[in-house]
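*Asks:* The listed protein sequences correspond, in order, to chains A and B.
The first sequence runs 1274 to 1528 under this note's numbering.
The second sequence runs 91 to 520 under this note's numbering.
Since the hints were made in silico from the structure, they are not lab data.
Glycine included, C-beta positions come from ideal geometry on N, C-alpha and C.
Any given hint could turn out to be false.
Stated by the list, open to error - Just so you have them, the derived chain B footprint on chain A, three or more residues with Cβ under 8 Å:
#1 1343-1356
#2 1369-1380
#3 1402-1416
#4 1434-1443
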Amino acid sequence: MSDHTATADTRSAGGAGVLPPSVRTVDVWKTFPQEPEPIHAVQGISLTIDRGEFTAIAGPSGCGKTTLLNMLGGLTRTTRGDVWIAGQELGTLSDRELARLRLRSIGFVFQAYNLLPVLTALENAEFTLLLRGVDAHERRRRVSALFAKIGMAGMEDRLPRRLSGGQQQRVAVVRAVVGEPALVLADEPTANLDSRASDDLLAMMEVLNEDLGTTFIFATHDPMVMARAHRLVHLVDGQIDSDDLREPPASGDGG
Amino acid sequence: MEAEPIPSSEGLSVGLLIRLAFRNVRKSARRSILTASAMVLGLALLILSRTLADGAHESWIDQGVRLASGHVAVQGAGYQHSRSLDDLLGAADLARTRDLLTSPDLSRNLISTAPRLGVDGLASSAGSSAPVLLMGVDPAAEPAFSLLDDNLVEGRYLEPDDRLAAFVGQGLLDRLGLGLGSRFVVTAADASGEIQGQLLRVRGVYRTGVADLDQSLIHLPLSTAQSWLGAEGGVTALAVLLDSSRETRRTIRALQRQLDPAAAEVLSWREASPELDAAVKIDDLGDWVFHLITLAIVALAILNAILMSVMHRQREFGVLRALGLTARETGRVVLAEGIMLSLASGLLGVLVGLAIVFGFWRDGLDLSFLMDSELEFSGTLFDPVMVPAFRLAQVGWSLFFILLIGITASLYPAHQATRIDVAEAMKFER
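Modelling step: build the complete structure from the supplied sequences, incorporating the hints.
*Replies:* Set out below in structure tokens:
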């Protein structure tokens, strides 16, 4: 276990309240069997991320960011080590239980937006609420409030192909946060956006982070995202190279 | 830590499933239309060929039973095996059977009945002789039953006052070197087993095109046959003609319930004319092979279309899984699309199929341009004009099969959708 992860664990132990942290990993490994040598994409990462954190996991391509994020989201199982999300150990869950944990506790934002092409902006945004059996009135109330907050009011009935990349990603963020999950995992969310749209998106996420207390974890190599993260975990070759707490930027600079 | 129990209301509801499936089918309009076209065409073809085959079979059966035993043959007990004039259906049982057939329940499907006394014999002219089937018939009842009189080429059919008249096939006349008005002798064993001769005169000549009939079957008046063969009042069979072969079983059951099995046995056309039965069965088998090939082609078209769609939508399924759907629910989305496509295509296919059938309803499908001579098949003539026979149950079965095929063909792609590696699927680029 590296010094950096030890620091992270120590810090979270001090900061943890009654509620379990959003994320906790202990000596997590991910190895992909491959000839001639297996690839160790993630090598013994231990990390604790508390509720409400706005964390960026950065590093060069191939450093294991996305693999780590996939393991945190229960999309890939670890080769070794344990992951806890909101106090639940993912390794003990069946695939079905894992799917339901994602539904209730994890929101995803992807690089390619990944809205369901046949659903409107509103239907995409409320999709996880639909799966959770939330009634129509409550779904509309929550989505409308968020759409208004992020400047998407009036675009509810548009299909994804009628929205710009930035707008699609905003809808994807609403979809990720609307169910008030324990954490939102965002994999390169700004990679396909221009700087203006990226800035808008990040500002919106910051607002949601502050207003809803949603935990955000980004995998990114976008300096703009790194600059605005409250905590920056740097990966190199599947290991934590550095883990720094930063001062939150002055509010309102994102426009 | 133990996982929290999953609330049962969570997950993909039927409403959401249908909405997703419907939108996906609609979104891939071109693919859906192509797939649906295969199904519509397949089903329409299935309905058309099924109704035409049924129509053709019904026509064969009608032809076959009119020339032979009827849909139902009531015979003397034991005659079917012994073929002996000792086992005739007596006058009393004949009358009783006819009475039963006039009951409201049976008469509603009854077209006519014909008493017959048939024996194998020999027909001889001055120059030649030939084995024949001698059939004593009621000249008043027979024309409503048999097709033989419709095939008259010369002279006339038997009339009630005829005594020594014979209605003979063209083939037999040629063989015996006879013509209209000629006299000839027939010989057969009578009820006591003695060989008896009878002089007959050719009153009419027929030609059906079925060589077996034209060269062997002779109609003569029933009364003449009875007195000649010493079978007073008795017949070998009362042939019963119904308006549809599908009424056969019901009629047989009703007759069997009320006739004394020691005196009379009731046979279906399948038992009385096993050749005709075999011909219909063989043709039916051929039709089903054709249907199965059609269904297999349709199944492959659906399988291909849905499998391709699943392969192209790996990332979409990855997203669904990431958002909280289980693998099984993802498969259900694919299955629902297959079912929806099958259902829509199935209904459209029925409509198209029925429209085509309706088009051939009145005049039938005329295949005579394919045949330059008469085609004989198992003792009946193949009618080149095929008229479809519509049965709701048959259409229902066709629809059922096409839906079954659609659903079965969607199972494999649905299974594939449950097996995707979510992390891998998310790597797919647009």
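*Asks:* Could you check the structure against the hints above and give me the numbers of any it violates, in ascending order?
*Replies:* 4
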